[in-house]
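**Student:** Residues per chain are reported as follows:
There are 4 protein chains.
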Amino acid sequence: MAETFRRDKRVRFSHCDPAGIVFYPQYFVMIHELMEDWFTEALGTDYAALVRDEGRGMPAVKVECEFLAPNPLGDVITFELAVAKLGASSVTVRVEGRARGQVCVRATVVTVHSSLRPLKALAIPEPLRASLQRFCDT
Amino acid sequence: MAETFRRDKRVRFSHCDPAGIVFYPQYFVMIHELMEDWFTEALGTDYAALVRDEGRGMPAVKVECEFLAPNPLGDVITFELAVAKLGASSVTVRVEGRARGQVCVRATVVTVHSSLRPLKALAIPEPLRASLQRFCDT
Amino acid sequence: MAETFRRDKRVRFSHCDPAGIVFYPQYFVMIHELMEDWFTEALGTDYAALVRDEGRGMPAVKVECEFLAPNPLGDVITFELAVAKLGASSVTVRVEGRARGQVCVRATVVTVHSSLRPLKALAIPEPLRASLQRFCDT
Amino acid sequence: MAETFRRDKRVRFSHCDPAGIVFYPQYFVMIHELMEDWFTEALGTDYAALVRDEGRGMPAVKVECEFLAPNPLGDVITFELAVAKLGASSVTVRVEGRARGQVCVRATVVTVHSSLRPLKALAIPEPLRASLQRFCDT
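Protein chains in written order, with the numbering used here: chain A, 1 to 138; chain B, 1 to 138; chain C, 1 to 138; chain D, 1 to 138.
Keep in mind the hints are simulated off the structure, nothing from the lab.
Fair warning: there could be bad hints in the mix.
Said to hold, decoys possible - Calculated lysine-lysine pairs in the DSS-like style (CA-CA distance at most 25 Å, straight line): (1) Lys62/B - Lys85/B; (2) Lys85/D - Lys62/C; (3) Lys62/C - Lys120/C; (4) Lys120/D - Lys62/D; (5) Lys120/D - Lys62/C; (6) Lys85/B - Lys62/A; (7) Lys85/A - Lys120/A; (8) Lys85/C - Lys120/C; (9) Lys62/A - Lys85/A; (10) Lys85/D - Lys120/D; (11) Lys85/B - Lys120/B; (12) Lys120/B - Lys62/A; (13) Lys120/B - Lys62/B; (14) Lys62/C - Lys85/C; (15) Lys120/A - Lys62/A; (16) Lys85/D - Lys62/D; (17) Lys85/A - Lys62/B; (18) Lys120/D - Lys85/C.
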């Protein structure tokens, strides 16, 4: 059985638009935060150190996202993340966000383990790969 | 032959991440700006007035986006937009962004003409529908 | 002795600029989050409910801020907040952020308790005023 | 007589909060854009190239800002910028934004010409200094 990674994110004033709900690009900001948490707290790879000290990161190359129900200011969204596909350098994550008993947002994000300057795909190193495997649901 | 709507957007310091390139949620901020420009300058419906005075808008319910090449600070991205599908209340737009002779970003955004408080789909009113039709490439 | 309100905020990828440090407008996003936390967790006024259900808020009318040391990705900033001045409808807060044993950011924000649509100052209601008083350091 | 630099910025959906007006940190995003425009279009120093190719920039060390009137979605803010003080490495700019015949925002931003990695103040090079001098109102 694959693991999933779960974190709550609160909808903040800065996330909201004139309709008083999350402006959709802000869901991707939250999903990026979720990935940072996942790396640092569950995968054993401090995300900030990866970027800052090693000049690597996980840029997105593709996203698909459905916004199924609006999230007003103050909502606590419970995000759940699993790995849908693990390639040589790519990691495809599936993310689902729920609030008040309802799925609000469902996304698939394809990210690529890369050196950042210049941007270039790199094979996922072994200890990270083993950690990622635990979250593979296929 | 369908029309397309085209606008240049410059990559700003605020769009960029520690890799010095556009942080992917910011592409959606640019694409939303593009839609605002399109409504106001080409469709005959002032986007700000639509939201502010009539309490309506075009929230996204689904996006798909490929990030094909990174855009460093200073890039001028030429965005081109067309309507892929026109429903009773939904408008699906196809957006392509090019810089330095290369396609950098390609997105499909499904938006729904809605009242904002509460959020509720509304049929697209006639004069707007006729304008949208000019950009339908199907 | 006046109370202070203290919360940690982690520097996220989305906060950082091409120099790999917090882009200065993002400090104000963090300080706004801090105020939301303060209202909800310490003042007995749920900030989201205030905005969403009562159409009130605390817009800023003036800010002064010094950026004393840069905060790279991954920094945990310990913010501390106190009330510098309490008016009929205004609340002036003093905020200090520290990381790695150093003061990084020091701000004064003048906010005004207001109805939001239309924007109009309102006297601070009594139970909120009493809570605010506990944080007055003068 | 000193020159001033002037540019219009439109209030976008992404700038606005649940009250339908500019969320105050977004004014600093606009003011940063204004400074980028100023460098690139008036000072003869392409801001993007400065950051990207030379690893230098103009981080803010202090800001003071008054928000005098709210700016709803769609407002066109005419920003005007002048240099209030020119130091060996610092540039203090004064910015005023007007919309619908009213001053909405008034800011002073102290920036420092710096190398970015690591962050370190650098004397302003001569051709840039001469250009900046033209905008000194003292």
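**Student:** Tell me the numbers of any earlier hints that the structure contravenes, in ascending order.
**Tutor:** Failing hints, ascending: 5, 12 and 18.
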